[in-house]
Structure formats: C-alpha cells, structure tokens
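Asks: Read off the chains here:
4 protein chains.
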Amino acid sequence: MTTVIKGGTIVAADRSYEADILIEGETIKAIGPDLKGDTVIDAAGAYVMPGGIDPHTHLEMPFMGTTAAETWESGSFAALSGGTTMVVDFVIPGEDGMLAAFDAWAERSARQASGDYSFHMAVTGWSEKHFDEMEKVVARGVNTFKHFMAYKGALMVNDDEMFASFQRCAALGALPLVHAENGDIVAALQQKYMAEGRPGPESHAFSRPPEVEGEATNRAIMIADAAGVPVYIVHTSCEQAHEAIRRARQKGMRVYGEPLIQHLVLDEGEYFSKDWNYSAQRVMSPPFRNKSHQDSLWAGLAAGSLQVVATDHAAFTTAQKQFGLTDFTKIPNGTGGLEDRMPVLWTRGVETGRLTPNEFVAVTSTNIAQILNIYPQKGAILPGSDADLVVWDPTLTKTITAANQKSIIDYNVFEGIAVKGLPRYTISRGEVVWSDGQNSGPRPGRGKFIARKPFPAI
Amino acid sequence: MTTVIKGGTIVAADRSYEADILIEGETIKAIGPDLKGDTVIDAAGAYVMPGGIDPHTHLEMPFMGTTAAETWESGSFAALSGGTTMVVDFVIPGEDGMLAAFDAWAERSARQASGDYSFHMAVTGWSEKHFDEMEKVVARGVNTFKHFMAYKGALMVNDDEMFASFQRCAALGALPLVHAENGDIVAALQQKYMAEGRPGPESHAFSRPPEVEGEATNRAIMIADAAGVPVYIVHTSCEQAHEAIRRARQKGMRVYGEPLIQHLVLDEGEYFSKDWNYSAQRVMSPPFRNKSHQDSLWAGLAAGSLQVVATDHAAFTTAQKQFGLTDFTKIPNGTGGLEDRMPVLWTRGVETGRLTPNEFVAVTSTNIAQILNIYPQKGAILPGSDADLVVWDPTLTKTITAANQKSIIDYNVFEGIAVKGLPRYTISRGEVVWSDGQNSGPRPGRGKFIARKPFPAI
Amino acid sequence: MTTVIKGGTIVAADRSYEADILIEGETIKAIGPDLKGDTVIDAAGAYVMPGGIDPHTHLEMPFMGTTAAETWESGSFAALSGGTTMVVDFVIPGEDGMLAAFDAWAERSARQASGDYSFHMAVTGWSEKHFDEMEKVVARGVNTFKHFMAYKGALMVNDDEMFASFQRCAALGALPLVHAENGDIVAALQQKYMAEGRPGPESHAFSRPPEVEGEATNRAIMIADAAGVPVYIVHTSCEQAHEAIRRARQKGMRVYGEPLIQHLVLDEGEYFSKDWNYSAQRVMSPPFRNKSHQDSLWAGLAAGSLQVVATDHAAFTTAQKQFGLTDFTKIPNGTGGLEDRMPVLWTRGVETGRLTPNEFVAVTSTNIAQILNIYPQKGAILPGSDADLVVWDPTLTKTITAANQKSIIDYNVFEGIAVKGLPRYTISRGEVVWSDGQNSGPRPGRGKFIARKPFPAI
Amino acid sequence: MTTVIKGGTIVAADRSYEADILIEGETIKAIGPDLKGDTVIDAAGAYVMPGGIDPHTHLEMPFMGTTAAETWESGSFAALSGGTTMVVDFVIPGEDGMLAAFDAWAERSARQASGDYSFHMAVTGWSEKHFDEMEKVVARGVNTFKHFMAYKGALMVNDDEMFASFQRCAALGALPLVHAENGDIVAALQQKYMAEGRPGPESHAFSRPPEVEGEATNRAIMIADAAGVPVYIVHTSCEQAHEAIRRARQKGMRVYGEPLIQHLVLDEGEYFSKDWNYSAQRVMSPPFRNKSHQDSLWAGLAAGSLQVVATDHAAFTTAQKQFGLTDFTKIPNGTGGLEDRMPVLWTRGVETGRLTPNEFVAVTSTNIAQILNIYPQKGAILPGSDADLVVWDPTLTKTITAANQKSIIDYNVFEGIAVKGLPRYTISRGEVVWSDGQNSGPRPGRGKFIARKPFPAI
Ligand SMILES: [Zn+2]
Ligand SMILES: [Zn+2]
Ligand SMILES: [Zn+2]
Ligand SMILES: [Zn+2]
Ligand SMILES: [Zn+2]
Ligand SMILES: [Zn+2]
Ligand SMILES: [Zn+2]
Ligand SMILES: [Zn+2]
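Protein chains in written order, with numbering that gives the first Met the number 0: chain V, 0 to 457; chain A, 0 to 457; chain C, 0 to 457; chain X, 0 to 457.
Treat the hints loosely; a few may be bogus.
One copy or two, it doesn't matter: identical chains are merged, so the pair holds either way.
Cross-link-like lysine to aspartate or glutamate pairs, in silico, EDC-like; alpha carbons within 20 Å at most [unchecked claim]:
{"id": "1", "residue 1": "Lys191", "residue 2": "Glu127"}
{"id": "2", "residue 1": "Lys405", "residue 2": "Glu106"}
{"id": "3", "residue 1": "Lys329", "residue 2": "Glu201"}
{"id": "4", "residue 1": "Lys329", "residue 2": "Glu269"}
{"id": "5", "residue 1": "Lys28", "residue 2": "Glu17"}
{"id": "6", "residue 1": "Lys135", "residue 2": "Asp95"}
{"id": "7", "residue 1": "Lys452", "residue 2": "Glu17"}
{"id": "8", "residue 1": "Lys290", "residue 2": "Glu267"}
{"id": "9", "residue 1": "Lys447", "residue 2": "Asp409"}
{"id": "10", "residue 1": "Lys250", "residue 2": "Glu59"}
{"id": "11", "residue 1": "Lys405", "residue 2": "Glu430"}
{"id": "12", "residue 1": "Lys447", "residue 2": "Asp102"}
No wet-lab data here; the hints were simulated from the structure.
Work the whole structure out from these sequences, hints included.
Replies: What follows is the structure, given as structure tokens:
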C-alpha cells in the first residue's frame, strides 16, 4: 500500500525543490519526479513540509490544584489539524517518583493520542533516588530533563540541585531544559502585590518582569557551563533572556532558546482588559511582554540565536481560571496554542518576510528534531524518515476562533487573528489524519511513543 | 559505469549516518546500505563528506604590479589534494571592463583547472557601464559582486559607489561581498609608518589594526541595510568585525561572515620574526591578529554568527614578496591555504571539540553552497548532487611543509603544523582525483565552470 | 559693590548644600552661611546652580542659502531667560577661511550678545591653509574643531580629511567635534525619496535613519582613536550612536556624547502632521527618532556614557522653512531650544526621578565646562568662578508657547509642554539679567567672548 | 593653631589648580594663594589630594576559624603611610546580632586606630530581629549593609533573604553592598576539586571562575532593581561582572562597581607557583584572574562604569594560611593592600596614562565619599572639609617589600613592584601622621568613628 504526494514543492530546512514523495507504509520510500503510488495526494500549488513538532506541551497535567483540561485526545488532534504531527510532553513526577509518573503519562497518551509523542522528565528535587531514576528514565527513551527555577515551594529546584542534576545529565548524555524565572523573587513579588490589594491578573505580569527571567536564564547558563553540558531554555520570552543566550553563544557555549508563538505575537496589553476572564485566560509564565521584546525574538529566529518555536500548551478552562478570582497567584498558569502555532507563525513570520519558508521548517520541526536526537526520523523529508508531513497550502485562510477549534478549551488566545497558510493535509506516519474541509476527527490510540537515544556522554 | 563508496559514515551538515553512496557518471545516484557498483571505493573507518568549497581564491591574479604565482593548474590541484573540490575566484576587471576580465579568467581556468570553479566579479568603480555590465555578468552565471573598501587609489570604492552597486545587486538578485577595511585610514597609516622610518613587514600589521576592519564592516552592513540587500563580509579576522556582524544579525539583518583558516590559527607574532622573508611571506590583509581574536572567530563558527571558512588564497613567491624589501606597502598582499584549509580546520576545530564534524561540513562546504545558490548541486550528499566528495580519514596524519606541498609556492604559512585528519580520497564529479599515498597529479582542463543563478530580485 | 544670594540651596555637580553666595563684581567672592552684601537676591526655597552652558548653537548662521533667523541679540537673551548664561557657537568658514569667519562671528556676537559666548571652529576641507589656520584659531581662544560627516557637497569632509584634522587637533591640544551622519548615504536616500515623488518633511526623517548616524559615530570614533585624540560627538540622537560611544568607552577610549533636549523629549511622530508647516518646523539633523531611543539617551545621562545636553539651536522662521515646500532637501535644517532646554530637562528629567539635581547641573553646565577647559571659571560655584548663576525655583510653572517666548522665531517645537522648574533669577557675571515676572530685556553688548586654552598637546 | 600647606598643586576630582591650604584645627579653613599659618607644610612640586578612603577592609576579622592578623593598630597606620586616611570596615555579626558586633568593632577600633574609620554592617541571615536591628544600626551611623552570596553555610544569604534586606535598605535610606559569587556553585566545585585529589591553592581559583562572579553580580543587580534600591558590588574582579554592571547602568539602573588594586595588577599566574606558601598567601575571593580582565577593569575606571578602587584588606599570616595545607578550602581567604593601594594605582594607572590625576582622586576618595554620603566632609578639599590630605610627591620611589612594610603581615602580594609616586606627608584631621623619611609611628586612639547619615528613604 503506497501513497504519492504529487505536484508540490518540498520545503526542507536546507532547501526548497519540486518533487513527489512516495510513502510506503509509515515511511518515506522515495523522493523524485513522477512517482507513482496506490493513492495520490494532491500537493499542487502547495508546500510539502515535515510535520511540525511541538516540544513543549502539558496535556492533562496536574498543576496548581487542578488538571489541565486539554486531554491527550483533544490536544493531539488539535495539533494534527494545525500541521503538528508530534508533541513532546513534560512528565512531572509526584511523590512516587519519575518512573511511576512516566507510567501514568504513558498510559494516558497511549490510550488517547492521534499523533506521535515523546516525553521530557522533570527533576523537581535532588536525592540519590533522583540520581538513580534518571538513568532508568534515559533507558526508557527520554534524553531531556526539565528544571524549574520558579514555582517556589512546588516544582522549584535551587542552584545546587540544578548543578547536581546537570552533571548527571552530562554523564548520561541527556540535555537539561530549564524554566528560567527567579522563583524567590517571583514569590516575594506575588506576596507584595497581594499585600497591596492588587489581586487581579495584571499583577501576574507585574510579579514576573523580564529581568526576573533574564536573571534566571543567565544563571542556568552559568550552571550548565560549569557542569560541562549544553542547556535548552524553554519559553524564552524577552530580550533579557535572549541577551543572556546570545552572550553565552558568543563565547562558544552550547545554549538553545525556545520562544513561544504566544510571545511572538501577543503582548502585555492583554492583561489590562476590563474583562477578568479575558485577562485570566492569558495568564501564563512567563507572561506576555511589552511589544519591543517581539522584535528581539523574531530577529533571534532569523539569526539562529533562538532555534525553536513552541507553545507551552497548558490549557485550562475559564472555570478553572476562576480559581484565582480573588487571588491572581491561584490562576492556573497556561494557555493553548498547539493548533495555531504553525498558521500563526507562517502568517506573522513568512508572509511578512521575517522568515524564509526554510527557516519556518527549521524552527517548527527540523531544529528540535536534531536537538532531541530524533532526526531524521522526524523533522526531515528524506527516504527512511517517518512520513510525518504537512501539505501546506499558502492560499488557505481562516480567522481563528474558539468556536471552531479542535481544542477542548472554551476560548483561544489568538481569537480573531486572520491567518493565511494552513494545512491542506496532515499526514502522520503515512496516514492522512487531517484534510482541510473534510470532517476529520481524532483517532485515539494511533499515536506512538517515540523513544529518543541519549547523546554520547560528555 | 558506476562507483560505490562503501563502508563509511556519511557526514553532512545536518547529521551523520552510515551508508554507502552510489555514483553514476558525475552525480550521486543513490545512498543507502549495501549498494553495488562497478568500482568500489573503500571508506571503512572514514567519514564521507561533501567536497570542500573555498569561496575565496585569487589564482594568477594580477595585483600590486605582479601576478599571484599560484596558477589555476597548481592551485586547483592543491585544493583537491586537501579535500577542496571547488574554488570560487575573484575576477578583477581592468580597463576593458567586467566582461573582458571574465573572458580572461574563463580562459585561464578552463585550460588549467582540475576541479570545478566559479567566479565572483569585483566592482571597482561606478558608472553606467558598471550598471549595465552587472546584468550581463549575472547572465553568465555570477551572482556575487565584490567591493573593496581598502586599496585606495586602486580597487577601492567609496560609500556612494558601494551603495549604488548594492542597490543594483538587490535588483539583480545578486549578493554583495565586501573586503572591509577603511582604505583612507590604512593609506594614511601606511604613510605614517613609512615616514617614521619603519618600512618592515610589522608595519603592515600596525597600519591595519582591528578597529579599521571593524569600522568598515559596520559601515558595509549599514549600507547594505539601506540598500535592502544581504551582505557577505570576506575574511572576517577580528572581534571588532565579528561584533559588528553579530550586532546586525541580532537586529534581523542578513549578514554573513567568513573567517579564514589563517586567522583562526595564526597570530600577529608572525610579523615580528627577525627573518624578513618569514614575516613578508605572512603579509596579507587583514593581517594576522592578536590571539584573543581567535576565540571570537571559533565561537562565531559554533554559534552560527560566522558561517564560512575560506583561505583568500593569493600566493606570491618569496621573490615577489621582496618587491617590498624597503617598503612594506609594496609587499604583495596574500598567503596560501587552499591545500591546508580542511586538515588544519579539522585538527584545530574538530579534534579539539570546538566544532562537531557536522559543523565542519557546514562551514567548509554546505553553508557557502547555500549562500552562493548552488546547493544541493554542491555542498550536499543527496541523490542528484554532483559527486564531489571527500573520504576523510581521521587517522591520517602529516606535518605540513612546503617541501611536500602541491602548491607552486616556495613556503607555507602553516609550515610545521601537525595535522590529524586528511583525505583518503577526493572525488570530483565522480572521478577520484586524489588518493592518499598514490601519485596523483593535476588533470588540467577537467574542471568545469559552475554557473550560479541569481536569487529572486528583492 | 557686592551682592549676596541668600537662603538657597546650592546645587553643584558634586553635592547640594545650604549656603549664601557673595558676589563681588563679576565673580564669586565667598560661599558660606550668613553672608552680607550691598544687594540681596532672595533664593529662599530655591536651588542656586551654575548658569547653564549651551555648547551647540548656530546664531545667524548662513546655511542652505539663507541665514538662521535667531540673532545673537534675541538668542542670547532667550538663553538667559531660560537659565543659560553662556553659549558656544559654531564658526563656519567660507571661502576666505577660518580667520575671516572668526572675525565675522566675533563682530556679530560682540555687538549683540547679552550673555557670554565662545566659539567652535568648523573644518570643512583640508589643505595646508587649514593646517596653518588651525594654530591661529587656537591662539584666538578656540580649542574645539567641528567636522561634518554629512551635508555632502557643502560642509562634509571625508575620512582622510578628518583623520588629518584630528591629528592636527592632537598636536594643538584641541578637541575634535563631529556631526556624525553618513553624508553619502543621506544624499543618496534624499535623491531616492525625491525620485519616488515623496517631497514632504517626513522624507527628511526617512533619509536619515538611526543606522546612518550610528555608522558615522562609530567611524568618527575609530578615526579619533587612530589619531590618538579624544572625540566629542554632537547631537547624539539614537541608540545606535550611543551604543558606538559606549562600546568605545568600554575599551578605555575617551569619547563624549551630547544628546539634545529635542531628542530627549520629541519623537518622529512630529513629521507625520498633516500641517506641512508643523512638520517642516521640526526638520533638523539628525531628525527626531522613534520613542525607544529616548530611554537610551536618558539612561546614558544617568550612567555617564553621555555627558552633555545641548540644543543645536539653529532657528529658521516658517517662511524660511517654506523654501523646501516642494523639496524636503531644501528645508533649512534646524530648530530652537535655547530658551527651553533647562526647564524642559528639569521637568522631564529631575521631576520624574531620572536625574538627580546634581546630575542636572553636571549635564547642563559642569561637564561641558570641563570638556571645554573653562572650568571652574564657568560651570562651578566656587570662590573665583564667574558669577554666572541661576536661582532655580522648582515651584514656578509655565506652559511653553511661541506666543510668549523671547526667541525671534514664530513657533516653538516644545509648544504646549507644561514645565515645572524655572529660573527665578539668572545672573551673568554678577548682574541679574533675568528676573521672573519682571520685564527683563536684552542688553546687547554686555556679553563677553570667553577664550579657551588648549589642552596639553598629546 | 593653624597650618598651611604651601606651594602645591591641589588635585581634586573635578580639577587641578595651584593654591595653598589653610588648616585650622581639624578642618580646612581656606584655600587660596599666599595663605599663612603657624606651621608650614611644604608641598612644592607635589600634588595635594584628599586623603584616600579604603571602603573595604577586614581588620581583626574573625573568619574561617581564625582572626585576620592585621590589627586596627597596624592596619590603620599602614593605611596612613600609604596616603589612606580613612577605612571602612565590615562588621560581621555573630550569634548576638548586629548591635553586639557593632560594639565589639567599635571597641577594637576606638582603642587602636590612628586614622578615621567607619563601618558597614553585614546581613548574614533574615528574621524579624534583622529587620529591627537594621534600623538601630542606621541610627548608629551606618548607611550600608553587606550581603554575601558566597560562603555557603556561613555568611551566605539566599535570594529571598537578600530581597527582603534590600527592601529594608530602601526603606531606611541605606545602600546594599554585595559580595557576588554563586555560593552554591563554588561549594560544589570545591568539593569536586577536593574529590579529584587537587587540594592545592590553584584549585581555589578553579573553583571560583569568572562566570560564577558574573552570574551573582547579575543576580544581585536584578534583585536590587526589583527592590527599587541602588546596589554596590564589592571587589568586581572580572569582565563578566563588569559587563553585568555596565548592562544595568545602560538601562538607567544605579549600580556601582569596586575593583580592587590586587585585581588591577595581579593575575592568576600567582596561583601556579611551586611554592605553596607563595600561592596560598594570594588566596582571596574572588581570586586573581586572567590578565585580559585587567583591561576591562582599567577601562571601567576611565569610563565611569566602575567607580572605586579598594583593597578588601583581610590579611592573614603565612602561618594562618597553612591551616589549608592539605585542603585549599581551609586557607583563610584574604590578602593585604591597604598600604600599597594608592602608590600602586598611581604607578600603574596615572604614570601609564590610563587615568588622569583627577580620576585617581575620584576613584580613591571622592567617589566613595559621595556614595557613602560623607562628602564633602571626606573626599574633598573644600573649606569646612576635614583636613584629611595627602601631599603626593610624584618623584618619590620605592620597591614594595614586606621587609619594610607597616603591615604586621610577613609577606606582601605586591612584593617587588617598583612604585613611583608616594605620600610626602599624610595629614589626618589637620595632623601630620606620616612624613616620608621620618620615623612616623602609629598613634592608637586618635582615629575617630565617622557616622554616616542615611539617604532619603525611597
Ligand atoms: Zn514553564
Ligand atoms: Zn511548560
Ligand atoms: Zn581582501
Ligand atoms: Zn581576497
Ligand atoms: Zn549638526
Ligand atoms: Zn549643529
Ligand atoms: Zn568578599
Ligand atoms: Zn571583603
């Protein structure tokens, strides 16, 4: 059983060219002119690109006393509908440790996911048990460990814990990831704003200023450098953090930065709505920033000092957000984006000339596949690669609205944004899982876990 | 007639993997396991990489009253022996204009070259004739125009000439290249040192300090930005120039920087030899710098703020150098490097851990192929690519010495450097043109001119 | 005949303290508690500060085919009314050379000025005559030479001329000043906008973008460094120029930057008025910038990377501005500010907490007195200093309007700005020349030329 | 009883001029030509400068299980002999809290000091008691509080403690000082080097790399910014820390940096001696750095991004150093410098042209007097100022050697350095306390405590 994608322009990270793609089973069999197959997918007038990879999601995450409402079923299908064929979700260990949490995540995802997925593991403390479990986690196909410098009293680790874990990563050939905000200062500022009688969502932004993120980014980089390991900074939202990353890279350090599509296009003005719900729906960490930071992030993607665009998809309903009605520190942190990342980035990045189509592919798929050591199984259009593909029609348009979204959530932070450039088809390991204008739906259980090998230990 | 390269690890810019390569005629036909062909090339234990591209040579260049001694015959063979399968040489127009110079270059190269080649065209003044000829030069397959901000009274163009030419490049879909040193200040400093009775080669370095290069780099970038065109800075030798490039890239400008292998490993101490010949042989522009600049350049290659390693191969004999015995300003500027670029870069870059093998491929071949718009014909190992390949044996060693070099010149600026990592075979469009330990020799006339299409006009 | 300023708080660059000031004749005789004199000036509730020095004016300057309408009589009185007791004006040599121009300037100023003044001399070309005249100009009491990198075809000098003049400055103990914009690019962009049929005042801003100023600033600094002389950049208007200055200072180079009060508070939006006159009145070089640059300039004043606030007062009437009705390149460049510099800076700088009162004194008076080598004759409140003082009442307010200004011009770029903090009295060499609420008027001829000694030659 | 200093050139931070100084009792009475007094001090051919202030000493400090051997008696006299008329010492509270420690310090100093002194108070933890005591400490004349980000398990405070204390400083009008090194990482690296069997003094340097200091500096600045208070970084030793300070100042933040004379002239090579004692004597934190950092520090003093040169005088004998013979972490941290700071800075700074004499005065005395809010009582030559003066003879020379020093210590880190420029006389509140070539000795008990008022609360 073979499929041919015919008549499109293949857009890879390194080049664009006209060719057909022959898919046999789940993988790409051949690329070239005039290929034939049992089924034909029409790509005329379209770009054929590697399926998007969103390396930063929190589906059904237990957090802040509730659970992210986006399920693996709804989330992974929303992703496919937007051209994203793989997500990497963060496993957050509870009291039973990393392996138990891994199992819980694996169970939920295996049962529900329509597209492929993989895991990062969070390191939320330090002990001999952590040391030991990390090796077992690597053996299960996870080569990335997440560290929170914020969420004091909950997920936060301090500098010596982080240093210990980073050294362990180096020994295991794993890559440390960091949520970089100074948790001590955030906690103190939160108290301050509450004490001053300012419990609204805007205080969320005030209590997490860009300097707090820049500082932590700079600190994480120093600690990684001392540990002799590269480091990946998640949700780089501001010039201060980007500056720290650039400064390190200029010294030859191996540091990666990941802006979110939200921070690229939305700004702090969102927190000043008179509608509490509207603002609370936008509460995430780091918060949206002053517009001037957006230029910095876009330039970083073009210059290569930032490498990946993600979403930090952690979607809570308005009802859940209202847990924080009288106390902004109780608003569950997180927004959606999984479904809209690629159309919004194309519209605001490629259509405006900021990014080339090849750079679009690099930052949505290829770079992260290389960073996560799953390239060219994912992130590439090469013979032997998984046939995770998107037939991208640059003439398709829509206006984003929660009313029509695949996400389970009752709002959308991109509401009203008109996008140009959407998937005509999304293909996951050879199967068409989304067709524009057709009545596609989730296919729970067809998504597979993608194990990732460690890098050579340092 | 087919050839298979068997048993090697293919190293491309984006990944490393084990596979054989099937060559049919001049191009790569297939890549995969267990390929078969009429002839077998043994790559066991070796890396198979795209042949090197040196985008900055001056073979048989008329300059400073003489002609660079390295011929197309000797130079292109020296290149092959070091793993470089293509050179891009600078056509310098004389009084008869660009087209006449193009013809002269084409004649010399076609007759002598063993490997492939292409041309950049220099713009050394500005007039309607220049405006008109540029279009014809593009039609002949040249998409890059070189501008000299130094060599006052000779090749130098001033700011409005450069701006006019850059705008013309934008309209033609061509990329401007710049030799960035402030020619006014260099000329004045040269006079000053001569007037002070300091005619030795060390005054060459003193009269071209890093600030003079940094300034011109910064200026060229501003002019390109005003013209709305990317810009490529040749022979970026110092932190000051690199800083200007980084600063521009951080703003989203499209700027490229090209360190030379010489500046990556040699320093200004070379000019303080008691042996006049020794120092004069090292006279080139920009001059070698203080060691601290080397860290900046290496970090730039790792970070992506610098993209290409070249040689500026412009080789004059010691006898020619002696034209400047009593006046350093008359020493023909230029050194060799064509033959040693790749082994020296591997030894000092990859063996030391500064660069990955993939980054090595990127900066010696793939990046410049993309920048020059000849990717993936060159710079790639893909079906359909020219079979320009090097079977790189990381265990081969030698000590560089002029006594054994293929270059025609009577000295070598890398004399005495022990390299580890050398071509076992070099293959040019399917033919083995260099085998380690065999008695390979030049094959004048087999090299072909590689035409390059313009980019879409801006 | 003595005067005592009683009851005020003396604010100097280094400290604030309560004391009276005894003036005898033209100079400060004593500072201390309970001083007595023939006349008493009431400073209760006020700050007593060194009179302001505006080091950048163009009174009655012949320029762009006309003559700046602000006369020495009106201009020097306007200055006094705003607390500025000394101006330094630019002598622009014509065909008859520097000395003849000096004489013309000296005649006009001596006849009309109410307050003290001094001169900078422009170097608008290079020849043996320039070399020789510079020494004579220094002998007449001028230790600063101005260089224009813009105004191509008129005042502009190129790099080797500038380098020659800078070296001459070094030898004479003089300080080079630079108007830093790339004149080649400005001229080309002017032609471009005119050719595109965009002759309005907004094209003035478009043809002089910040990059053009940053580039020239960077170049001037490099040339000064090569010449071994400090350099003073006039009208630093943007982050790009400030960045170049900071970068040089971080290397130990002696570089000064002078933001104008206009650039600190007005932005490019002024050029988009539907009223041609309104926008044309604001045409000056460099043009007003995007608001983001203002933060950079204010921070520079606080950090010490920028040292002086000036006005570039070059005031043309609306009728004169209309010379450029159909061609923005013919709009005489220049705006006023002499009268409003100190109140506006106090209001937007000190009242907002950006600057301390001591820093206000430093940047309006003391720093430039030191840079110009007339400290502590000017710029200080010390026994022996000229009694150039301003009794600054922080409670006085007014709304700036052309209707009430002392300047001769028919508009004011600060129209409508409400200031808080104004001179209660301005004292020039011991005489009260401005009293708030009194009917003060010009006193032509009482101003004196202040000769400035060269620095030790380098 | 009056004294006149005759015939010298007064060098202040803002200017140099020839004048006599009349001292009446302990203060400067008059400055001018031809003054007369009961006693005459000959300043012919000499510079008369404000006495030096060393704001960073640890006399008789209990630390690391021992007590700094330099006593108040020996230390304060050593200071005077080198032109330093005032020291500011750090009170380190023990279990009994700040006030008890203050008393202990006050008792020791009052009994022994020959010159004036003042105190900083260390905040080494956080509680309501700290909160309360800080106000009482301010009432006793201390407006500066020190925070250690290193010395984990001992003096170190963490981020939320520091933030709390900084906010308290803001409320009290006090200035926070910070020892900036990441204590977690230092501790972990110390363990690592010990575990690797590298117990020698060079491991001291390896375990405290510049990045660790740069990181902490950056963090302290962010926390101060969040608290809305200026911050003073002690012993800024490297480009990384200086960069963080510059970056903050460029944004308008009020941040001060204090390089030590040791870091300006000594480098890490000192730790590689084969003589354990030699290297251990040089152990201090931060350690000496690679030479490239020195350029950064000198440029910072010239540019104004660094303001003060201090010593961190904490002098332990060789016998004390030997507590760490088999474990570098037990070597008492600290070196001397009190006596040599001014001659070494003059020799390496002013004689070389890096600093002007006025800048020398600024960084050794005037700037810190302003920062500590005791200007112009100290740090100035003005009527009413304390007559703390040094008659600086630029022709006096000596070679520094422990054999001849006033310090009690048995070695000197500047041993063998030839200085040019020494005090001819040092005058403390009107008394000559040091005369070159005379047999001056300590005068225990004549030094006075200098109380410092808080700044206006923020
Ligand atoms: Zn996060
Ligand atoms: Zn997250
Ligand atoms: Zn060149
Ligand atoms: Zn060249
Ligand atoms: Zn100007
Ligand atoms: Zn001007
Ligand atoms: Zn310390
Ligand atoms: Zn200390």
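Asks: State whether the alpha carbon distance between Lys452 and Glu17 is at most 20 Å within one copy, between copies, both, or neither.
Replies: between (33 Å within a copy, 17 Å between copies)
Asks: With identical chains, the pair Lys135 and Asp95 could be close in the same copy or across copies; at 20 Å between alpha carbons, which is it: within, between, both, or neither?
Replies: Close inside one copy (14 Å), not across copies (49 Å); limit 20 Å.
Asks: With identical chains treated as interchangeable, where does the CA-CA distance between Lys329 and Glu201 reach 20 Å or less: within a copy, between copies, both, or neither?
Replies: within (13 Å within a copy, 50 Å between copies)
Asks: Checking an output row: Lys250 and Glu59, CA cutoff 20 Å. Within, between, both or neither?
Replies: This pair counts as neither: shortest intra-copy Cα distance 39 Å, inter-copy 38 Å.
Asks: For Lys447 vs Asp409, is the C-alpha pair at or below 20 Å within one copy, between two copies, both, or neither?
Replies: neither (28 Å within a copy, 63 Å between copies)
Asks: Cα distance capped at 20 Å. Does Lys191 pair with Glu127 within a copy, between copies, both, or neither?
Replies: between (36 Å within a copy, 17 Å between copies)
Asks: Tell me, please, which holds for Lys447 and Asp102 at an alpha-carbon limit of 20 Å: within, between, both or neither?
Replies: Within one copy only: 14 Å inside a chain, 60 Å across chains, cut-off 20 Å.
Asks: Within a copy, between copies, both or neither: where do Lys329 and Glu269 come within 20 Å Cα-Cα?
Replies: within (18 Å within a copy, 45 Å between copies)
Asks: With 20 Å as the alpha-carbon cut-off, assign the pair Lys290 and Glu267 to within, between, both or neither.
Replies: both (8 Å within a copy, 18 Å between copies)
Asks: Using 20 Å as the alpha carbon limit, work out where Lys28 and Glu17 are close: within a copy, between copies, both or neither.
Replies: both (16 Å within a copy, 18 Å between copies)
Asks: Check Lys405 against Glu106 for me: Cα-Cα at most 20 Å, and say if that holds within a copy, between copies, both or neither.
Replies: neither (22 Å within a copy, 64 Å between copies)
Asks: Cα distance capped at 20 Å. Does Lys405 pair with Glu430 within a copy, between copies, both, or neither?
Replies: within (19 Å within a copy, 56 Å between copies)
Of the numbered hints stated above, those contradicted by the structure are hints 2, 9, 10, listed in ascending order.
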